[in-house]
Structures are given as C-alpha cells and as structure tokens.
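Asks: Each chain is listed here by its residues.
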Amino acid sequence: MSDLASALPGAEAQGLVTVREAGLVGMVTFRGDLSAPDTAAAIKAATGCDVPGQRAVVTEGEVSVAWMSPDELLVICPHDAATGMAAQISAQMGAAHHLALNVSDARAVFEVAGAGWRDVLAKVSPADLSREAFGPGEMRRTRLAQVAGAFWMTGEETVRVICFRSVARYVFDLLALSAKEGGAVGYH
Amino acid sequence: MLLLECPYCGVKADETELTPGGEAHLKRFGPGSTDEAFEEYLFLRPNPKGVHFERWRHAHGCGKWFLAARDTATLEVFGTYTAQTTEPPEHIIDAIRAKRPDWSQA
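Chains A and B supply the protein sequences, listed in that same order.
For the first sequence, position 175 (counting from the first letter as 1) is numbered 175 according to the working numbering, and the numbering increases by one without interruption.
For the second sequence, position 64 (counting from the first letter as 1) is numbered 64 according to the working numbering, and the numbering increases by one without interruption.
It cannot be assumed that every hint is accurate.
Simulated crosslink set (DSS-like; lysine-lysine; CA at most 27 Å straight-line) [said to hold, decoys possible]: (1) B:K49 - B:K99; (2) B:K49 - B:K27; (3) A:K123 - A:K44; (4) B:K64 - B:K12; (5) A:K123 - B:K64; (6) A:K123 - B:K49.
Covered stretches of chain A, as calculated for chain B (at least 3 residues, CB under 8 Å) [unchecked claim]: (7) 11 to 22; (8) 174 to 182.
None of these hints come from the bench; they were simulated from the model.
Ideal placement from N, C-alpha and C gives every residue a C-beta, glycine not left out.
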C-alpha cells in the first residue's frame, strides 16, 4: 500500500505569524437536507456534534462539523477516522437521499498562528476580518488571491486554512509571502 | 467595489468572490420554438441604463446561484434574493420603487 502523505509535509514559514502545513487531516463531506431530523440524528450519532447553523462550526473533542452551504457540511476529524465516519453517517441515513464521502486527501490544511493573523489573511482575501464580522465558531469560505479557500478559528490566535490540494503550494507560498517580516500593516 | 449579500449563506460578498451570470428571469426558448423567439432569448437584451436584474453565483463561497437587483449606472444595490423564483419578489420591487419612483418593469 502507498504511504499516506499530506500535500506539503513539514512545510513551515516564520514571519509575522507562523504558517505551517497541518499534516494529515480527515475530512468527510456530507450533502443532504440539513433541516431533516434524520440528518441531525445521523450527524450526532457519527460525530457527536449537532448540525451547525449558517456558517457555523461545531466542535466536540477531536471532531468538528462545519456548515459549507445550505445543503453541505464538512466533518473534520482524525485522518484514520474519516472512512469509518463516512460509512457510519451513510448507515444512519439509510435510504434518505444524501452523500457522505471521505475527501481527506482532496484538500490541504494550513495552520496560521500568531497575533497578526487577521492582517495576514486580510491581505489575500476580500472577507471582512474585523473582530465584529469574523470570530470563533464561524467557517468563512472565500477567495485566497486567485483560488478558493476557507478558514475558521481554532483559538484566539490560531486559524486553520483549507484549500484544494492541487493549489497547496500556491496557497502556502501566498500565506508565507503575506506573513513576511516587514509586511505588517497593523490594520486589525 | 460591489458588495452583494448572498441570500443562502448571508455573507456580504465582494464582487471578486462572485461569478456574474447575466440577466435574470429569462424565459428559455429552445428546440421547437420559432427562430425569432430563439434569437431574442439568446441574443437580444434591453440593457437599460439603470435597474437590472442579474444572476450571480457565489463561486468562491457556498457555490449557490442567486439573483440581485441593482442599478448598473450608480452601482446601487436594491436587494438580493434566492434563485427559486421566476419573477422579482414584491419587497425587491418595493425597494426599487422607493428609490426610482418613475421606474417600470420592462
């Protein structure tokens, strides 16, 4: 069997903030009717989390469930748990129309840590990153320079950024450049 | 800068997060229709200077198509609404009439 590898193993850049590739992260995409009681029960049973409201991220232990669109959730979990989690959601959903799929290796995950993360991200994204507009418990899907990406806060000064694996190098270099010493803007 | 609020995810999305989709509320004329009707559906747009109804896709966000009413001359946005409708909803029409009393729907 092939060895498992994340997009940019061990990649790290120091600057205004630390940008680090987060390694292997499990991800399960779920699509279906989020308002259905069956969906809530299946997500709760498999992940321990409630179905998040609009743009919210709900975390229970090692598992987070994020609202991605009106009919899509992203389950973030340990890498080796993803296949089982997708299967468990599908088993719970039974005949109800849905999709639950392990997409762990479709994306790259970066951790941006440091007090200046709002400025570092605001330089590459049109999202409003003021404290009033974006805070903990929100998944913000947006644009990172030329590609699609999303981020959510995992702590007061840490944020996780996801993008498609095919653009992992681009996004890492972009964040590293945005975080380069001398590029502080001091806006947020 | 043009900001449109996506009615599906509630994000005030910058224009660069969105993909434009042309005029909204078009009735499709496909196979079996007359050449004139097909030509009008495919090519002919009134394109007035002023109030437009447009399709937009929140491409770098939730991925959903939505509709917006705005003034293409002033960039004023009257409102955004979901795409599950064949004509502009009443509150959008009211919002336009409040700002443009002499406007009439083509």
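Asks: Using C-beta distances, would you say chain B covers the segment 174 to 182 of chain A, given that this needs three or more residues below 8 Å?
Replies: Since 0 is below three, the answer is violated.
Asks: Examine the segment 11 to 22 of chain A for residues whose CB is less than 8 Å from any CB of chain B, and state whether their number is three or more.
Replies: violated (count 0)
Asks: When you check the alpha-carbon spacing of K123 (chain A) and K49 (chain B), does it fall within 27 Å?
Replies: It is violated: about 34 Å lies between the C-alpha atoms, which goes past 27 Å.
Asks: Is it true that the CA of K64 (chain B) sits at most 27 Å from the CA of K12 (chain B)?
Replies: With a Cα-Cα distance of about 14 Å, the restraint between K64 (chain B) and K12 (chain B) holds, given a limit of 27 Å.
Asks: Does K99 (chain B) lie within 27 Å of K49 (chain B) when you go C-alpha to C-alpha?
Replies: Holds: K49 (chain B) and K99 (chain B) sit about 15 Å apart, inside 27 Å.
Asks: Is K123 (chain A) close enough to K64 (chain B), meaning Cα to Cα at most 27 Å?
Replies: Roughly 25 Å between the alpha carbons, so the hint for K123 (chain A) and K64 (chain B) holds.
Asks: Holds or violated: K123 (chain A) and K44 (chain A), Cα atoms, limit 27 Å.
Replies: 37 Å, violated
Asks: Holds or violated: K49 (chain B) with K27 (chain B), Cα cutoff 27 Å?
Replies: Since the Cα atoms of K49 (chain B) and K27 (chain B) sit roughly 22 Å apart, the hinted pair holds (cutoff 27 Å).
In summary, the numbered hints that this structure violates are 3, 6, 7, 8.
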